[in-house]
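Undergrad: Taking the hints into account, I'd like the entire structure generated from these sequences.
Protein chains: 4
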Amino acid sequence: MKNQEKAKQIVAQMMEGDAFSQWLGIEVLIAEVGYAKLTMKVRKEMTNGLALTHGGITYSLADSALAFAANAHGRLSMSIETSISHIHSVKCDDVLTAIATEKNCSNQFAQYDIEIVNQDNIKVALFKGTVYRTSKEW
Amino acid sequence: MKNQEKAKQIVAQMMEGDAFSQWLGIEVLIAEVGYAKLTMKVRKEMTNGLALTHGGITYSLADSALAFAANAHGRLSMSIETSISHIHSVKCDDVLTAIATEKNCSNQFAQYDIEIVNQDNIKVALFKGTVYRTSKEW
Amino acid sequence: MKNQEKAKQIVAQMMEGDAFSQWLGIEVLIAEVGYAKLTMKVRKEMTNGLALTHGGITYSLADSALAFAANAHGRLSMSIETSISHIHSVKCDDVLTAIATEKNCSNQFAQYDIEIVNQDNIKVALFKGTVYRTSKEW
Amino acid sequence: MKNQEKAKQIVAQMMEGDAFSQWLGIEVLIAEVGYAKLTMKVRKEMTNGLALTHGGITYSLADSALAFAANAHGRLSMSIETSISHIHSVKCDDVLTAIATEKNCSNQFAQYDIEIVNQDNIKVALFKGTVYRTSKEW
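Protein chains in written order, with the numbering used here: chain A, 258 to 395; chain B, 258 to 395; chain C, 258 to 395; chain D, 258 to 395.
Mixed in with the good hints, there may be bad ones.
Each pair may be met inside one copy or between any two copies, as identical chains are not told apart.
Computed list of lysine-lysine pairs in DSS-like fashion (alpha-carbon distance at most 27 Å, straight line) [what the hints assert, rightly or not]:
1. 294 <-> 259
2. 265 <-> 301
3. 380 <-> 360
4. 360 <-> 348
5. 301 <-> 393
6. 259 <-> 301
7. 294 <-> 360
Hint data in this document are derived by calculation from the structure and do not stem from the laboratory.
All of these numbers come straight from a predicted model, not from anything done at the bench.
TA: Dropping the structure here:
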């Protein structure tokens, strides 16, 4: 349990200083060691020239989920490689939820899957991220 | 030359309706068939809890470059798979430039490399994107 | 059930003509619509200059699992983008098992996760693949 | 020049112990620090159930090129994340050439692009790889 309390504290601290996640309107629903669940609502200013949500928005939500889930272990972790498949269109006013789960955690590297669903629980994006776990503690 | 004029028109039209690229402050330096060069300056609200630029910002710039380069062919093209390596930290006030080049263009799919450099011409991110080329014309 | 029988037939037919999967010694444990479980044993001739299994061997096993799971739907499907993280070393005589699960299946595209574990159930590689589902039937 | 001589030696040593690259029939055309050019001919036993070359073959050729180019620096380097787009079909008897070029080389990580072309200089696959550079010397 102590680890989970520390995980919550680290994520709260990250979120507090994270101006862009705040601009996105990200709300942290769950923050645990190696796991994070975030939600946000798409606003007009997040859409692109095709009247759809810019791919960078769903990526950013997933990337924050990756950072929170990985750093919640207590070791400063940096994203080194991420990929995302955009599989369903996202529109203005859609409510997105990202769930980051840990697929593997070695000493130096860890891998995460992040699924993003909309308000109808339809998957809109699949994200895979690898982080490098530095030796620095939070 | 007619193709390049049409490419410029399509990208101008995309950029005009692209609220998020406007929020990012993206400026289109070059827009050609299968090629795009964009620039933007990182603002405070684009940073994260580690006082660095959020990975979603560099991704978004690269994703816009991908969309412009691919759609400039005149056929509506949708990103289906993208990956990015964050290789150098990006700070507030950094000026980023993204260059999208076409690696391959088949009938249905096309692949692009996007390199992002900062004001000192140091590479900060490497992006690879695959698009699906629909049969719809712009 | 009829779909699952057809899935088995398609995979048996694919495996029969697949000279390289046969060279690898791949055995199909389970073949269902959107799902495949394969196993193989690493031989000396599959290792590299570091006395470890060549990364191409684990990739090949995963790629076969992807092909079987995707084509088992009955529509000819082609891999268009795949990625793999090698997370644990694989040695000669290791027995690898790949499990392909479907993350998403739209009309034209489908995404799969393939996990590869060794005989001690330790994950050795994480694979993600996107296929294009043609309109041709098996 | 001394670095390039050492690069050649390292790659020759890697190739000598690399049973799978030998099985593939890989020939090293050029081996330099951060660069490699390899070639091989596709044999019947490398094809799959669709009478095309198994995706694992082109991946393996690219993965060897990645390993050679990265390790030629003199520091033991391990692939941690790779992706490949199969963009053109490969047939039996095709002669493939892989060219690995370095996109970035930091202290701990390096990124490479590998392009694979056939005997008609048509691109058949695009590969991107990230390696972790250990502190061990060859």
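Undergrad: Each hint should be assessed against the structure and marked as holding or not.
TA: Each hint, compared with the structure:
no. : hint        : in the structure
1   : 294 <-> 259 : within (20 Å within a copy, 38 Å between copies)
2   : 265 <-> 301 : between (31 Å within a copy, 25 Å between copies)
3   : 380 <-> 360 : both (19 Å within a copy, 9 Å between copies)
4   : 360 <-> 348 : between (30 Å within a copy, 22 Å between copies)
5   : 301 <-> 393 : between (39 Å within a copy, 25 Å between copies)
6   : 259 <-> 301 : neither (41 Å within a copy, 34 Å between copies)
7   : 294 <-> 360 : both (15 Å within a copy, 18 Å between copies)
Hint check: a violation occurs at hint 6 only; the rest are consistent with the structure.
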